[in-house]
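So the sequence lines, in the order shown, correspond to chains A and B. Quick note: to get the working numbering, add 760 to the position in the first sequence (first position is 1). Quick note: to get the working numbering, add 5 to the position in the second sequence (first position is 1).
By construction, these hints were calculated from the structure, which means they are not laboratory data. Among the hints, erroneous ones may be present.
Which stretches of chain B does chain A cover? Using the computed rule of at least three CB atoms under 8 Å from a CB of chain A, they are [what the hints assert, rightly or not]:
{"no.": "1", "stretch": "38-49"}
{"no.": "2", "stretch": "68-79"}
{"no.": "3", "stretch": "160-167"}
Derived pair list, reagent style DSS-like, types lysine-lysine, alpha-carbon separation capped at 27 Å [unchecked claim]:
{"no.": "4", "chain 1": "A", "residue 1": "854", "chain 2": "B", "residue 2": "80"}
{"no.": "5", "chain 1": "A", "residue 1": "883", "chain 2": "A", "residue 2": "854"}
{"no.": "6", "chain 1": "A", "residue 1": "883", "chain 2": "B", "residue 2": "78"}
{"no.": "7", "chain 1": "B", "residue 1": "122", "chain 2": "B", "residue 2": "80"}
{"no.": "8", "chain 1": "A", "residue 1": "841", "chain 2": "B", "residue 2": "78"}
Bear in mind that the values here come from a model prediction, so they are computed numbers and not experimental data. Yeah, the Cβ is synthetic: ideal placement off N, Cα and C, and Gly gets one too.
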Amino acid sequence: MRFIILFLLLTSGYANAHQFTPTYPELEMSHIAGVLKAEMVLFNTRKDIRYYELNVFDEDWNPVRFAIESRVVPMEYQETKNITVYISKKELDKARYICSKSKILLTVREPSIVSSRICSKLK
Amino acid sequence: MKMKKLLLIPALAVTASTAGADIPITGFIESKCVIQSDTPGRFGNPTVDKLSTKAADGGVMPIVRYDIITASKYKAVITTPTNFSAAPSLSDTVDWTSTTIAGQMSDAEMSVFNTNKAIYNNGHTTEFDLVKAGSVWFNVTSEAEYGVGKSFPSGNYTALIVAECIAK
Chain A
761 MRFIILFLLL TSGYANAHQF TPTYPELEMS HIAGVLKAEM VLFNTRKDIR YYELNVFDED
821 WNPVRFAIES RVVPMEYQET KNITVYISKK ELDKARYICS KSKILLTVRE PSIVSSRICS
881 KLK
Chain B
6 MKMKKLLLIP ALAVTASTAG ADIPITGFIE SKCVIQSDTP GRFGNPTVDK LSTKAADGGV
66 MPIVRYDIIT ASKYKAVITT PTNFSAAPSL SDTVDWTSTT IAGQMSDAEM SVFNTNKAIY
126 NNGHTTEFDL VKAGSVWFNV TSEAEYGVGK SFPSGNYTAL IVAECIAK
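Hey, can you work out the whole structure from these sequences and the hints?
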């Protein structure tokens, strides 16, 4: 079964894909006291997408305060970026999901557009 | 003669190490969900007051592909449009209907996605528990009907489908 999945992934390629890993990120100590960090990887092969937005949510999908170099991340086609998300220890109990969402430019005039969002879960 | 042999040793050593060099290609497959916009949809305009992605209505059905590496780690949530993100000025309400189903799949057992799907948000959001690993293509239909007896004004219409993959 695993071989079939791997074969499908290798042969089909990702022509128009959004990928955000790991599924279950682990929070580590950062260089700032009282602040933890999660290392995320964003991969873009969507030709129609040039920006992704990152957010952190609690269990009920309310926004949680976090810090990041840039909340909206510019991404080239087929680019991979390592992203560090910083979360205060005070927000640790609330933070549950780290999400990346594709941002669609106003200039895109396709009749039907797919906005993709992938959320990893903090355990 | 002895000197010549001594000179040959380092030369042979270099040759041997070069001939035997291995270049590794490493890889790691981790649990992940990949969302692909497989087929961008297109509205057909079968009647003056209707826009539809159904093939029977002259439209093209949008298809979103999900690749799931590990079973039971994610759920897919697909929300169909309830308004236009870009359209000419509309003076009346638009009634939206939609369906989302798992169509093509790499494993026949993925049909359980359709059996156990949950629909909410007035039928506009469908949630699938991704309990099987593999690739699945979700087919989305979307229909917009304008006020009674009114025709959609001419112009470009754009609507947004939101495809989500949420870790469980």
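The hints, checked one at a time:
With a cut-off of 8 Å between beta carbons, the stretch 38-49 of chain B has 10 residues touching chain A; three or more are needed, and the interface restraint holds. Counting residues of the stretch 68-79 of chain B whose beta carbon lies closer than 8 Å to any beta carbon of chain A gives 6, which meets the minimum of three for the stated coverage. Under a criterion of three residues with beta carbons nearer than 8 Å to beta carbons of chain A, the stated coverage of the stretch 160-167 of chain B is upheld, 7 such residues being counted. For the proposed pair residue 854 of chain A and residue 80 of chain B, the alpha carbon gap of about 21 Å is at most 27 Å, so the pair holds.
About 11 Å separates the Cα atoms of residue 883 of chain A and residue 854 of chain A, which keeps this hinted pair within 27 Å; it holds. The suggested pairing of residue 883 of chain A with residue 78 of chain B holds, with an alpha-carbon distance near 13 Å, which does not exceed 27 Å. Restraint check for residue 122 of chain B and residue 80 of chain B: the C-alpha separation of about 10 Å stays at or below 27 Å, so the hint holds. Distance check on the hinted pair: residue 841 of chain A and residue 78 of chain B sit about 23 Å apart at the alpha-carbon level, within 27 Å; holds.
Of the hints listed earlier, there is not a single one the structure fails to meet.
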